[in-house]
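**Q** Listed here are the chains, written in short residue letters.
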Amino acid sequence: MAKKDDVSRRQFLNYTLTGVGGFMAAGMLLPMVRFAIDPIMKEGAKQDMVPVVEVSKVTEKPQRFTFEIEQKDGWYESKVTQAAWVYKDKNGDIVALSPICKHLGCTVDWAASPAHPNQFYCPCHGGRYEKDGTNIKGTPPLAPLDVYKKEVKDGKLYLGQAVPQ
Amino acid sequence: MLQKMYDWVDERLDITPMWRDIADHEVPEHVNPAHHFSAFVYCFGGLTFFITVIQILSGMFLSMYYVPDIINAYESVYYLQNEVAFGVIVRGMHHWGASLVIVMMFLHTLRVFFQGAYKKPRELNWVVGVMIFGVMLGLGFTGYLLPWDMKALFATKVGLEIAQTVPVIGPALKTLLAGDATIIGAQTLTRFFAIHVFFLPGALLGLMGAHFIMIRKQGISGPL
Amino acid sequence: MHRGKGMKFVGDSRIPAERKPNIPKDYSEYPGKTEAFWPNFLLKEWMVGSVFLIGYLILTVVHESPLERKADPTDASYIPLPDWYFLFLYQLLKYKYAAGDYTLIGTMVMPGLAFGALLLAPWLDRGPERRPVKRPVATGLMLLALASVIYLTWESVVNHDWEKAEQQGKIVEVEIDKEAPGYKVYQKQTCIGCHGGNLSGGSGPSLIGTGLSAEEIANIAKNGTGAMPADQFKGTPEELKQLSEFIAGLEKK
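Chains as they are written, first to last, in my numbering: chain A, -7 to 157; chain U, 643 to 866; chain B, 2 to 254.
I should point out that these hints are in silico values taken from the structure, not numbers from a laboratory. Worth double-checking, as some hints may not be accurate.
Said to hold, decoys possible - Sample of chain A residues lacking proximity to chain U, with all beta carbon distances greater than 10 angstroms (derived):
1. Met20
2. Asp30
3. Thr58
4. Glu62
5. Gly84
6. Thr131
7. Val155
To be verified - Where chain B lies over chain U, by a calculated footprint (3+ residues, C-beta under 8 angstroms):
8. 651 to 660
9. 668 to 681
10. 760 to 766
11. 795 to 809
12. 814 to 824
13. 844 to 855
Ideal placement from N, C-alpha and C gives every residue a C-beta, glycine not left out.
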C-alpha cells in the first residue's frame, strides 16, 4: 500500500508528539531560563566616582589608599573597601592602579621584594609589575594591572571602576 | 543518527523492554475524550501532574535567587519579582500553580470518589492519593510563609496556633514546626524552607511514583 | 524470546544478545476503540496540556503574584488571612461550637474526621456498587462535605474586609528618615506604639500622605481625633513643631 519513503501514520504521530512536547517544554522553560541567565544579560551597574585622597598628598612614590564604595549585589547593598596604588608619573599625571594581581587575584604590594625595590610584587607566586603596572615577562601574570578611572575635582582625587589597561 | 545512538545504547543496556513498558499501555474508549466528550473528567489527574512538574521546575529556578533568612528573604523576593527579567512570570507560575494544583487535585479526587474507583482492588492507590493531597496542602502552607511578607507571617502564626491546640503534644508540635516555643522568626523560616523544599517534595515524589506504578499495574478503572 | 539454555549475552554482561523489536503492541484486537497510549493518546493529552499552559502563562502575566510589605511582627492590628483553600477552615473557627472551649472541635475533630473518612473511604464504603446513585450514603456525605466547604469559603470571602486587607498589606515606598529630629520626637512621644515604626500604621492609621497641614497634625497630637485620645503629646512646643512638620512632609510616592 504505502510507498517505502512515505511517512507512516505512527511516524507522523511521533513527529507531531515531539513538536507538541517541544512547544510545552519551551513554554515552560523559556521564562525560567531567561530568569536564570539574567545576571549575564544585565548591564553592569555604573560605579560612582568616589573621593579618595587630596591631590596634594599624592607623591611620586606609589602609596596605598583605601576608599569605600557602595556595592549593590542583587538585593544586598553594602559598603566595600577597595584599595588603590596612587602616584604621580614623570609628567605629573596621577596614576591609580588596582592592587589585584592579574595572575590569580592576590594583592600586590609596592617594593615588597628587597630584590626589586621599584616594582609591584605579588607575594603569592612572585609576580612582578613595573611602576606603570606593566607585567614583567617571565613572571606569572599575563596582563598589566588594572587602572582606576579617575577624575580630579576641587583638589580631590575621585576614583571609579577599575578597567584593564 | 538518533536511531544509531539508540541502537548503541540498546545493545549495551537493553532499554527497549523498559521503553516499551512505559509507552505500551492501552487507553480504553471510555476514558478517551475523543470518543466521549464527558471523559474529560479523566484529564484532571494528568493536569495535576503537569502543574506539579511546573511547580518543581519554577521552584528550582526561584531558589536561584531566594534566601530563607528573615533579613533577606523579603528583599530577595522583591528583587526577583521586580528586577530580574521574567521574575514576575516565574514567581507567578509558582504562585498560581500552587492554587491550580489544588483545584485540579480536588477535581481529580471528586472524579475518583463519585465513580467509586477506589473500590477493590484499588484501595491502596486511593490511600496514597489522599496522602498526596495532604502533602500538597502542607506544601501550600509552608510555601505561604517563605516570601516573609505580612500575610505570610500572620497566616503562619494562626496556623501554628492551630497546631498548638492538639491535645498533649500540641505545644511540642508547635515548637518543632516553629523552631522556638514563642518566637515565629528566623528559625521558623528556615524550618519551613527545609520542609517546603526538601522534605515534602521528597515525600511527594515517592508517593507519586507509587501512585503511577499502581495505576500501570492495575489499569484504569472500567466504565460505570 | 529465547529462554533457558543456549541464551546469548552481550560480552560478559547479563544483557541478552537477541534484540527485541521496538514496535508498539497491536491494539486492533482489543475491545472497543482502545488506543495506544504512546503516541496516539499522549499527543491528544499534550495538546490539551499546551492549551492549558497558554492559559496558565496568560494568567501569570495578567495577574501579578501578590507581595505585601515586609513582615513586621510588631504590627498587632494586621488581620491574617490564609490562602484561599484554607479559608473554609478559617471560617469554621469563627463559629461558637468550633471556638472558645470547643476550639479542639474546630481545629482537630472536624478536619480530622473529614480527612480520616476520606482516607478510609474504601473501607467505609465496601459494597461492590460504583455508580453514585447506588451508594447514596457515600455520595450524600461527600455532597454534604462539598457543600459545607463551599458555603464556609463563601462566608469567609463575604465577611472579609478586602479593602482593608489590601490597605494593611500595601508596600509603602516612602523612605523614612529615622535620623530626622521629627522622627526622634515621634519615637520619644510614643506615637510609634500605635502608628508603627515606619509610620505605616498599626492600631492607629498610617501617617503617610495624610494630606494634613503641620498645624492640623499638631492639633491632633495635642487634642486627639477619632479613637485617639487627647494629650498624647507631652513634649515642648519646639518638639511639637518638629514632629508635625516631619509628618506633614511624608508624601505618598
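**Q** Against this structure, judge whether each hint is valid.
**A** Cross-check of the supplied hints:
| no. | hint | in the structure |
| --- | --- | --- |
| 1 | Met20 | violated, 6 angstroms |
| 2 | Asp30 | violated, 5 angstroms |
| 3 | Thr58 | holds, 27 angstroms |
| 4 | Glu62 | holds, 16 angstroms |
| 5 | Gly84 | holds, 44 angstroms |
| 6 | Thr131 | holds, 39 angstroms |
| 7 | Val155 | holds, 25 angstroms |
| 8 | 651 to 660 | holds (count 7) |
| 9 | 668 to 681 | holds (count 9) |
| 10 | 760 to 766 | holds (count 5) |
| 11 | 795 to 809 | holds (count 10) |
| 12 | 814 to 824 | violated (count 0) |
| 13 | 844 to 855 | violated (count 0) |
Violated hints, listed in ascending order, are 1, 2, 12 and 13; each of the other numbered hints is respected by the structure.
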